[in-house]
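Could you put together the complete structure from these sequences and hints?
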Amino acid sequence: DTAVSQTPKYLVTQMGNDKSIKCEQNLGHDTMYWYKQDSKKFLKIMFSYNNKELIINETVPNRFSPKSPDKAHLNLHINSLELGDSAVYFCASSQGLQSSGNTIYFGEGSWLTVV
Amino acid sequence: KQEVTQIPAALSVPEGENLVLNCSFTDSAIYNLQWFRQDPGKGLTSLLLIQSSQREQTSGRLNASLDKSSGRSTLYIAASQPGDSATYLCAVREVTGKLIFGQGTTLQVKP
Chain A
1 DTAVSQTPKY
11 LVTQMGNDKS
21 IKCEQNLGHD
31 TMYWYKQDSK
41 KFLKIMFSYN
51 NKELIINETV
61 PNRFSPKSPD
71 KAHLNLHINS
81 LELGDSAVYF
91 CASSQGLQSS
101 GNTIYFGEGS
111 WLTVV
Chain B
1 KQEVTQIPAA
11 LSVPEGENLV
21 LNCSFTDSAI
31 YNLQWFRQDP
41 GKGLTSLLLI
51 QSSQREQTSG
61 RLNASLDKSS
71 GRSTLYIAAS
81 QPGDSATYLC
91 AVREVTGKLI
101 FGQGTTLQVK
111 P
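Chains as they are written, first to last, in our numbering: chain A, 1 to 115; chain B, 1 to 111.
Possibly wrong hints are sitting among the right ones.
[Said to hold, decoys possible] Here are the simulated lysine-lysine pairs, BS3-like style, with alpha carbons at most 27 Å apart:
1) B/K42 <-> A/K44
2) A/K52 <-> B/K98
3) B/K42 <-> B/K98
The set of hints was computed from the structure by calculation and includes no laboratory data.
See below:
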């Protein structure tokens, strides 16, 4: 069973469209994240939710809106897609946000290409 | 602001060599440090996690050390194999809970 699963894995869409990426974890964790990996392979946090509550919100355009319907899901909705949004988006989860011993688990990534 | 740097950016070694990957960070106020592996087109796999109170962790041929006061960690890979070829990422977990990543070391182990 996949611990952190995200869909779709690949997404090609036109500028201006609205798209969503879904993420689910079956680890029983209470904290979920979205990370973005740019063309230079640099990974940076975008959002974090703890028990469905937004905890971390980095400087991300408000076209990006995360939604957490329950602890096991954290979806990412992107409005009015721009060319610069092309990247790999990784979902992740962990037990607890501020804890020294908890490993963070990543999904396989969603490759978004905006044309 | 926490910054994580990994050296070298790329490394190519013959099979069987022992090697060391380096990671440095600027703010020692961290909860833990994690080493990940990323294969092309794949997600991240956690290799080792060292808590801030620990000095090292070992898993099979991998050994990671942490010197929090100097802001350094190393990942030691013994008897490297072609299957070890991947990008290795170091990340520190800040007290805010954020995971701050280095840019990775891309390792190629030649048969």
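Enumerated hints in conflict with the structure, sorted upward: none
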